[in-house]
Amino acid sequence: MKKISRRSFLTATGILTASAALTACSGGGSTGKAGAAASSAPASSAAASEAADPSKYEVTEPITITWWHALESQYDDLVADVVKKFNETQSLITVEAQYIGAYKDINEALVAAHAAGTGLPAIAVANTDYVASYGDSGLFENLDPYIEGTSYDTDDFSAGLLLSSQFEGKQVALPFLHSTQVIYYNKTMADANGWTIPEKIEDFTPFLAEVHKTAGVYGTVVPGWDQWYFETMYLNEGVQIITDDNTCDLGSDTALGVTSMIKDWCDAGDAYFATGTDASAAMRQNFYDQKTFSVMHTSSLYNNYVSKCPDFEVGMAWYPAASTGDKNSEVGGCVLGIPSKNDQATKNAAWQFLQFLCGKEVNMEWAEGTGYLPTRNSVLETDEGKQFLEKKPAFQCIFDNLNLINPRIQNSAWSELATTWKNYMEVIMNQDGDVNSNSEDMVTEIDEILADHA
Amino acid sequence: MKQAAAGAASATQAVKADKKPFFSQRTLSHFIDFLFVLPALILLGVFTYYPIVKLVQISFTDWNLLNDTWKYVGLKNWQWLFAGSGAKYLWNSLKVTFLYSMGEILVTMVGGMLLALLFNRMTRSFGLMRAFVFVPKYVAMSSAAVVFLWILNTDSGVLNYLLQCIGLPAVDWLNQQSTALPSVLMLTGWRVIGYGMMIYLSAMMGISQEYYEAASLDGANGVQKFFRITLPLLSPTTLFLLVTTFLSSMKVFQSVDILTSGGPARSTEVFVYLIYRYAMVDFRMDRAATAAVMFFLILLVITVLTMKVSDRSVTYDS
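Chains A and B supply the protein sequences, listed in that same order.
Counting from 1, one number per residue, gives the positions in the first sequence under full-length UniProt numbering.
Counting from 1, one number per residue, gives the positions in the second sequence under full-length UniProt numbering.
Read the hints as simulated data drawn from the structure, not as lab findings.
Below are the SDA-like pairs computed for lysine to any residue, each with C-alpha atoms no more than 20 Å apart in a straight line:
(1) B:K88 to A:D447
(2) B:K88 to A:V435
(3) A:K104 to B:M280
(4) B:K88 to B:D282
(5) A:K291 to A:T214
(6) B:K88 to A:D441
(7) A:K308 to B:D155
(8) A:K291 to B:D155
(9) B:K95 to A:Q431
(10) A:K187 to A:G216
(11) A:K422 to B:L90
(12) A:K56 to A:L92
(13) A:K187 to A:A317
(14) A:K291 to B:T154
(15) B:K308 to B:L239
(16) A:K360 to A:F388
(17) B:K54 to A:A112
(18) B:K54 to A:A116
(19) A:K187 to A:N304
These stretches of chain A come out as covered by chain B in the derived footprint (C-beta under 8 Å, 3 or more residues):
(20) 108–120
(21) 415–429
Cβ coordinates follow ideal geometry from the N, Cα and C atoms, glycine included.
Okay, chain B solo, but in the shape it has when bound:
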């Protein structure tokens, strides 16, 4: 009897073992999936998240790039950034960065849209013109900035030569507070306007002609078609351009470094240039890290807010 019971128990266990392996098929499948993404996660961890954590850590130290040792100083750097002499440079660079960003967004979106409307014809000559407008995007920023340095030169620049040809006075483009930032935006505009145009053009080509035909039958004119059909259906593209242009423009550095080095009198000192100055001119990695963490938080908040606001104003063509 006992033997029979023991045999039955072992048989049950065997069945259970057959039915429920240590790893279920689903868990195993998930684990294999995870192994495939693990290399990417490791890279992301090492090159993105570890530096972020390290950066936060450095912001609480007194690390000077020249020294091998540092100690924790609590909130000293944060206090310096918000209440010390760092505050006015922080607000100044934020103001400059936002002004620059607004300028770049305006050029990319409004300029890109206008050019897209102009070049929205599939002829060979228009294709060639589109290429001309788009090519500057692929010119290295450093090369383009050096060329603009010459174009904007006060005494021997092409721009001032042209102004003087039409009887206007020469302008000290890069050395006046009022003209330095617009000068940097000239270079930016030249590079990004073609990109905005191409993105809008590709989106416009995706809009079904049936909408326009139906609108024509209803007697809509060109302006009405643009505002009632084109613009709403381009809103996902506009959102995409807005977010990507905003984030990339907030990180502007190279053009400012080459054209103005943040001057005159810090009038073009954008946020990333401020961070660079703390890190590589003053060697104050502690202050640079504090400013960088601050910058991250600002970008994060703005991005999330943009997403929330855009949900109410974007029209998806389903």
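Looking at chain A on its own, in the form it has when it is part of the complex:
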């Protein structure tokens, strides 16, 4: 038998290891083109125009379905209770709830399952960020025929929330757990110093400086791990982010003004731009430890902030209005959708559960148990709604501005755009990057992304 030389063996080993590296990098890459998977996917747009036929959406045989959610362990009892209530009312449908992880994790798992055409849940939550791409790609079923076929009433949902779960006029999801951007502040510290959160952005800058100077702590923290927290400041100043001619205006003078303002806060030590893998936890801890007077965060974490700050009262305020006078915010949280590659029996069962999850009966239970906003207008007028506000008076600032909560920007390039924006903002804020040159580079890159998706 011919001997294999050491050199040949080592070379072959090296090549095979390199091949293995490549193969490891190619996971999921072999799904291929339209073919089989596509043939099982219903054409959502075609479905929208189909005549309503209630019998098409009936559940006729026993079925067990899976619900992917992002509600962490502190909500286990709440999730179990809601699922139990649904299962008890059903003779044919059994729901199994599965915690998958954060929105990002669900997104990855859902997209991978969609590409593979297998392992999909019957129903899943999705961050409002993803509605456009899921609608555009047909990952989520168009719910219009279901709504029409079962005469489901959607008028009771807040208009902005309903819009935020649509893509190009199609209802590809329904509003589920929603929140908006707010400022949490140390009310005890504010009362002791006679401070109130300014209503205008031009007053906010000197206010942060005063807090820093007086109390020796940060005036606020701007979350940099998700552009959702700072994009509203740009939008209120009149920046469109994606203009009508499909270009990015984050390099405009107005946008540069907002970027410079945030950078000035950070450079002066009046605020900091929170980035990194543990940025959210670190920011919250700084607030609990009273190392910062306020933080910009999501309203859904109200319960969490209150429970972790027993030594002082937590206040909640609306973002200051821009120089234009606009003080809109954007909807956050998640919607519920049905993956389109499921079979019709699974989709029908999912539709039943989806209606229950978004129904008036459990709407207040979600709001009370999680800190998310009630999604139905009628709920606010009920006794439960009034009790909710009595228990959480800080939410008054949100209820006063409910009509100012706008849908997110719906563009299939949004995810790529957002990643690029966040990365450049991190360089500008935390790595001493120049505002103008970095913004210019960023806009060039984003324009390329937008053109690619056009």
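Dock chain B against chain A, hints included.
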């Protein structure tokens, strides 16, 4: 006469048939050998080579993971990777990956060698210490990374607590460009140094004592013995460690994903993380495939070059 000739011809044919069957014994033997390796070849083909071919194919398409359809776009992705906005991220991730690799190689080889020299004694206490150094290799990277996330935490991390105890300022380990990559290397070093030590130790034990005895008789001191005997005879092991550590370090992902997610400002965005970001954050399988093919070619070229260079500098103890 004719009958006799025909009989002779058929007899010849029969002899020929006896002598030369359709399959020779050797061919049959090779075919049976081939059947034994066929299952492995099929697995290799399906799980290694088919994905590679598919990956090359995808790199010429516009496939977005969300869409079921795609079309061929020629060299568009390659152009984007080398001349478009993808270029600066490509070079950045290559730089970061090579820096990381050099760090890991340094820790594995130099650190492993030093520890091997230190622990090269067969006593029970040294055996126990060797085990302590080696055990981290078997701690799951995800668990280790989460622990290091806490150790390196700016406000409540153990490392900063210790620094402050000796009067040094706290460091924002994972959120500064200058310290993020060294922080990832701290975790790597903790895990791999014991592996390097064990490989060197086993190689050192294989070196005949006669060399050292002869050197002692010639008056060589410890340093001379190390540089003239130990180090040259360890060169095959060093080559093995160099190649395997280099290739494995180029594929680093998990520790970066958990500790820094490629940040701050892409300062720890290694190549595999870049591929992951294109595929699973942007859902651009076309770009991810292009970057992956590029990565394969780089690894292949470096491996072949390493082999060529090593032929001249490796000493085999025959």
